[in-house]
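Single-letter residue listing:
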Amino acid sequence: MEALQYWMQGFSVATLPINLMFALIGCVLGTLIGVLPGLGPAAGTAILIPITFNLDPIGAIIMLAAIYYGAMYGGTITSVLVNVPGEAASVITCFDGYQMAKQGRGGPALGIAAIGSFVGGTFATFALMVVSLPLASFALRFGPPEVFALLVVGLSLVTGLAGRSLLAALIMTFFGLLLAMIGMDPVRGAPRFTFGVQDLYDGVGFVPVVMGLFGVGEILVSMEQPVLEVIKTKLSDLFPKRKEWGISSAAIGRGTIIGFFLGLIPGIGAIIPTFLAYVVEKKVSKHPEKFGTGVIEGVASPETANNSYANAAMVPLLTLGIPGSPTLAVLMGAFIIHGLTPGPFLFKERPDVVWGLIASLYLGNVILLILNLPLVGLWAKLLEIRYQYLYPGILLFCILGAYSLNQSVFDVTMMVLFGIVGYVFRKLDWPLAPAILALILGPMMERSLRTSLEMSGGDLFIFFQRPISAVLLILAAAILVTSAIRLMPMWARKESKN
Amino acid sequence: MKRKMFLGVLGLLGLFVFLTAAAAQDYPNKPIMLQVPYPAGGSTDVGARIVAAVAEKQFGQPVVVVNKPGAGGQLGWTELAKQKPDGYYLGMISMPHMLTAILDPERKSTFKAEDITPIISQALDPTTISVRPDSWKTMKELIDDAKKRPGQISAGIVGYLQDDEIGYLQFAEGAGVQLRLVYFDGAAPAITALLGKHVDVLFCTVGDNYNQWKAGKIRMLTIMDKERSKFYPDLQTTAELGYPTILSAATRGIGAPKGIPQPILKKIEDVFKKAMESKDHLDKLEGAAQPVKIMTGEEFNKYYWDSFNVAKKWVEYVRKK
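Chain order of the listed sequences is A and B.
Residue 77 is where the first sequence starts when you use the numbering used here, and the numbers rise one by one after that.
Residue 13 is where the second sequence starts when you use the numbering used here, and the numbers rise one by one after that.
I should point out that these hints are in silico values taken from the structure, not numbers from a laboratory.
Beta carbons: idealized from backbone N, C-alpha and C, even for Gly.
One or more hints might be untrue.
[Stated by the list, open to error] A short list of chain B residues far from chain A (calculated; beta carbon distances all over 10 angstroms):
| id | residue |
| --- | --- |
| 1 | G82 |
| 2 | D116 |
| 3 | K270 |
| 4 | N321 |
[Unchecked claim] Straight-line distance between alpha carbons at most 20 angstroms, and here's what the computed DMTMM-like set of lysine to aspartate or glutamate pairs gives:
| id | chain 1 | residue 1 | chain 2 | residue 2 |
| --- | --- | --- | --- | --- |
| 5 | B | K333 | A | D261 |
| 6 | B | K94 | A | D261 |
| 7 | B | K120 | A | D275 |
| 8 | B | K226 | A | D261 |
| 9 | B | K124 | A | D275 |
| 10 | B | K291 | A | D132 |
| 11 | B | K209 | A | D275 |
| 12 | B | K94 | A | D132 |
| 13 | B | K120 | A | D278 |
| 14 | B | K305 | B | E289 |
| 15 | B | K94 | B | E126 |
| 16 | B | K120 | A | E300 |
So here's chain B without its partners, still in its complex pose (with noise of 0.2 angstroms):
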C-alpha cells in the first residue's frame, strides 16, 4: 500500500518534471508582454523598446512593449506583482524607485520586494552632481562654501526618495553638509531650473545630464560611483575624491512575478542576456546616453536585495526626521 503511494507520488512527481520540461520546450508559444511602469517616451521606455525589438527575433514570438503608468511606476508594479508567473508577462523594474515606493508606508504599497524576481539588469545610471559653469569649480569648493551657509544653496532633487535622493542624503551625510532641497518631477524640468538659476545644483543622473554637459550648458563636480564613467572619462568619481559612502544609481532591469518555473526563467534570461550584448542594443541604449550593465542570475539578485537594504536606511532615515 505504501508502496503503490510512493510510485504513485512518483509518478506525479515525474509527470510535474516532464510537464515543467515540456512547458519550457514550449515556450514561448504566444506573444511575450514587457509592462513598462513609465509613460512612452521616456528612457525606461525607450530602454525596453530597444531591447524587446531584438529579443523578439531570438523568441520567434512578438515582445510586446505595454505602457502601464502611474503613481511613480508603482501602479505597474502592483500589476507585474499580480500577474500569473508563466512567463508571458514580464516588466521593467528600476531600482531604488521600486524599493522605496514598497518600503514608505505613506505610498501604500499592497506587494513586497519578495513578490517580484529580478531577472536581468539592462542600465545602471550613477548619480552626478552637477552645477553651471559660472559656480563652484570643485567638489571641495562646493562643499566648503556650503559649510559655510548650512541650508542656504538649493538643489534640485529629480523625485523624492529616488537614487538622487538617496545620493544627495549620502552626499550630506559623507561631506557634513546640509543644502536646501527642491524637488522635481523628472529631469527635464531640474535641468531647466539649474540653467535658469533657479537652484544652485542638481543631483541626477548621467543619461539626465549627458546631453547638457556635451553642449557645455553644466559643470560635473563628480559621479557617484567606485569607476570612472564611459561617458565622463575625465570626471573624477566620489571613491577618487574620497567619499567612498556615496555611491548611488539608478538601475533598471526585467523583472517577473515570482514563481516563474526555473526553466521558463533560464530561457528568459539567456535570451534577453543575449539580446542586451548585442552591438545594435549596445549602440542603441549608448546612443540615448543610458550606461549598459548586464546582471543577471544571483549577480543581479544580490544587487536587488544590497539596493533594498540601503533604501530601506534612507527611507527610515527620512521618516525619522
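Next comes chain A alone, as it looks inside the complex (with noise of 0.2 angstroms):
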C-alpha cells in the first residue's frame, strides 16, 4: 500500500504542468542532440547543465533524465535515413534501419523504432519501481572479470553471427581490436602505435571511424550505382505492416529484457545491449540471411533494448549510486550539483525527487511517441529529396559532426580515411559490425582484462574460479564453436542445396 502512495505522490509532482513543461523540453532537446552526429547524449548533457542550475532541484533532474532518454531515441532517426549513427547505440541500426529506408521504408522503420522504444522504456521503468533494490546488489558480482567474461561473450555472438565466413568476422573483430589499441595504454598511459602523432594519444575516435564506415562508405559505393528513382513514401507507408507487427512485438519483448537486465550491471554501455539484441534476434530469426537487408525486427529489437536500457540504468544509480554509463555519470554530477545525492538514502530522504523522477520517465515516455510518430512523416519526407542532393549534404553533415566533436580536423581526415577503408570491406563484402563492436569494447576489454589480472597477481584462472565468468566463458566457447560448424564448407553446401 504504502508503494501505491509513493506512485501517487511521484506523480502529482510529475504532472504539475511546469514539470511536464521541463520534461517536453528535455525530450525535444534530448531528440536533437540524438539526431546531431558527434555531440553524443554524454556531451550533450554535460553542456546543458548549466541552463538547469536556477530550476529547482526536481525540475532540473526531469529535464536532463528527458534529455537522457531523448538523446537515446533521437539517434535512431539519422541511423535509418542516412545511415549515420547519432550516438552510438544506434549503430546497429542501421544495418536494417537503413536499408529499409532505401526500400522506401523509413516510416515503418522510425515507427517501430518509436513504439519498441516506448514499451521497452515504459516497461524497464515499472520494473525499476518493482524490483530495484534486490537487483541492483545482485549486479554488484559483475567485477572486472565477470565484465570481461560477458565483452567476451558479445564479441563472439557478432562475430558468430556476423556474415557469410567465420573467417572474415574474425579478421574483421582483429581488425577492430587492433584499432582499439591504438593509443594510451589504459593503465600506464603509455601511448602505443602512435607514431607520434599526437593526435592519435587518445586512441583511433569512434564518430570519425563509425561515420567514415557507414556514412562515407556508404556514399561513396553509391556513387557507383546509377541514379536511383526518388523514393515515394505514402503515408499509409508509415506504419509496419500487418504481419510485421507480429514479428515486431516478439522482437520487441526480447529487447526489453535484453536491455533491462543488461541496464542493471553498472560499466555495460548503451552499445552492448543494442548489439546483443540484433544478434539474439538473427538468432532465433526464421530467415536470419535476410538481417541486413531491412528486416523490420532488426530495427525493433535493438531500439527497443536501447531505451528500455535506458532506463533500467537509473536502477543501479538511484538506489546505489552507481552509474552505469558516461551519461549517467553526467546525470548523476547534475545530481550532485543540485545537492540531491543518489543512493538508498535519496529514496528516504527525498522519496518526491525519486518518485517524481520516476514517474516522469512514463510520461516522458509517452511525450517521445507523442512527439515522433508525427514526425516520422516529416522525417521520412526528407527521402524524397533526389540522391544526387541529398549525398552531398549527408557528406557535409558528416563533415560537420566529425569536426564539431573535437574541433579537429585530424578527425575529418580519419572519417575520410575509413570512408575509402569501409568502401573496400564493403565491396569484398566482410562485415562491418565485428570490427566497429571490437573498436568499442576494446579499450573496455583490455582494461577488465588487465584489472582482473591485477587482482589474482598474474593467475588466468581468476576467470575460471568466479562462476559466473567461468559460465560466460564457456558460452562464448560455444557460441564459436557452434557458428563455426554451421558455417563448414560441408554443411553450407548441404543447407544451400536444401
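Since each chain sits alone in its own frame, please combine them into the complex, following the hints.
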C-alpha cells in the first residue's frame, strides 16, 4: 500500500504543468542531440547542465533525464534515414533501418523504433519501481572478471553471426581490436602505435570511424550505381504491415528483457545491449540470412533494448549511486550539483524527487511517442530528396559532425580515410559490425582483463574460479564452435541444396 | 650618438610599457577560453563551469568552457602550453596528474612544468583510505593485518601515478606494508569494485567517496591531510594517527601558457579570486563535494613546485621498481 502512495506522490509531482513542460523541453533537446552526430548523449547532457542551475532540483532532474532518453531515441532517426548513427547506441540500427529506408520503408522503421522505445522504456521503468533494490545488489557481483567474460560473449555473438564467413568475421574482429589498441595504454598511460602523432594519443576516435565506415563508405558505393528513382513514401506506408506487427512485438519483447537486465549491470554502456538484441533476434529468426537487407525486427529489437537499457540503468544510479554509463555519470553530477545524493538514502530523504523522477520517466516515454510518431512522416519526407542533392548534404553533415566533436581537422581526415576503408570492405563483402563492436569494446576489454589479472596477481585462473565468469566464457566458446560448425563448407553446401 | 640611441631605447621601452599597460586596461576585449582537459561532466569540468559562470560577469566577457579530453589530460595540457600567452586561453590544471605526465618518460610529454604558469587553485581534495563497513575498523587493524599477509590484500587505485597511488606509496612506506594494487579508470568503477568485494581497500579522494560514505556504504579509515576535513569532521588525519609523511591530494586550479604580461596575469588572478570567494561559487562547489582551497601568486607557485618534487620522487621510485 505504501508503494501505491509513493506512486501517487510521484505522479502528482510529475504532472505539475511546469514539470511536464521541463520533460517536454528535455525530450525535444534530447532528440536534437541524438540527431546530430558527434554530439553524443553524455556531452550533450553535460553541456546543458548549466541551463538547469537556476531551476528547482526536481524540474532540473526531470529535464536532464528527459534529455538523456530523448537522445537515446533521437540517434535512431539519422541511422535510418542517412546511415549515420547519431550516437553509438544507434550503430546497429543502421544495418536494417537504412536498408528499409532505401526500399521506401523509412516510415515503418522509425515508427516501430518509436513504439519499441516506448514499450521498452515503460516496462523498464515499471520494473525499476518493483525490483530495483534486490536486483541492484546482485549487479555488484559483476567485477572486472565478469565484465571481461561478458564482453567476450558479446564479441563472439557478433562474430559468430556476422556474415557468411566466420574467417572474414574473425579478421574484422581482430581488425577492430587492433584499432582499439592504438593510443594510450589504459593503465600506465604510455602511448602505443601512435607513430608520434599526438592526435592518436587518445586512440582512434569512434565517431569518425563509424561515420566514415557507414556514412562516407555508403556514399562511395552508391556513387557507382546509376541514379535511383526518388523514393515515394505514401502516408499509408508509415506504419508496419500487418504481418510485421507479430514479428515486431516478439522482437520488442526480447529487446525489452535484454536491455533491462544489461541496464542493471554498471559499466556495460548502451552499445552492448543493442548489439546483443540484434544478434539474438538473428539467432531466433526463421530467415537469419535476410538480416541486413531491411527486416523490421532488426530495427525493433535493438531500438527497444536501447531505451529499455536507458531506463533500467537508472536502477544502479538511484539505488546504489553507481552510474552505469558516461551519460549517467553526467546525470549523477547534475544530481549532486542540485544537492541530491543518489543512493539508498535518496529514497528516504527525498522521496518526492525519486518518485517524481520515476513518474516523469513514464510520462517522458509517452511524450517521446507523441512527439515522434507524427514527425516520422516529416523525417521520411527527407528521403524524397534526390540522391544527387542528398549525398552532398549527408557528406557535409558527416564532416560537420566529425569536426564538431573536438574541433579537430584530424578527425575529419580519419573519417574520410575510414570511408575509403569502408568502401573496400563493402566491395569484399566483409562484415563491418564485428570491427565496430571490437573497436568499441576493445579498450573496456583490455582494461577489465588487466584489472582482473592485477586482482589475481597475474593468474589467468581467476576467470574460471569465479562462477559467473566461468559460465559466460563457456557460453562464448559454445557460440563460436556452433557458428564454426554451421559455416563449415560441407554444411554450408548442404544448406544451400536444401 | 650614444645619447640618441639611449633615448631611442628608452622611448621604445616606454612605448612597450605603455602598450602592455594599455593591453591590460583593454583586457579582456573578447571571449576568454577556459579549457578543460577532461570530458564534460567530470569534477574538473563541473568546477570549471561553475567558476566560469561567476567570473564572466566580472570580466564583462564570456568565459567559454571547452573540453579537450584525452590521454588522461595530457592532450589538453600539451595544447594549453602551446597557446599564445595573451590571457585569452586559460586551462584547468590538476596536480599531481599533470606533473606525473610530465615526469614519466613513458608518457613522452612534449611540454615541461615551467611551460605552464599556475594562476589560482580552486579545490584541494585530499586522498583518503576507505574500506567496506564489514571489514577493518581502524587504520591500525588494516596495517596489522597487512603486515601479516604482505601483498595479499587488494587495494583499488583510481589512476596510475595520480594522487591516489602517491598516497598509497607514502602509506606503504610510512606503515611498512605492501598491498596488491588494482588500477581503475576513474572513481566510479573503483568504488563499484569496493562495494562488490572485488577489492578490499580503496584509495581515492573526498570528492570521489563522500556520497557513498554519507549513504553508509563505506567506512573511512583516514584522510591524508594535516587538518581535518570539513566533510568528515570526525575522521582522523594521517598526521593525527602518527604518519605525518602520508600527505597526498588532488589539487585543481587554473593555469596559463607561460609568458602572460604581468598586468594581465594580475587581472585574471583578481577576477577569479573574487569569483571563487563568492558565496555562489562556494555553495555550488561544496554541493558537488569539492573542498574549496584558494591559493594564488607565490603561495600557489610554491605549492606547484613542491608537488613537482614530491611527484618526481615517486615517479622515479616506481620506475626503478
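Which numbered hints fail:
Violated: hints 1, 2, 6, 8, 11, 12 and 16.
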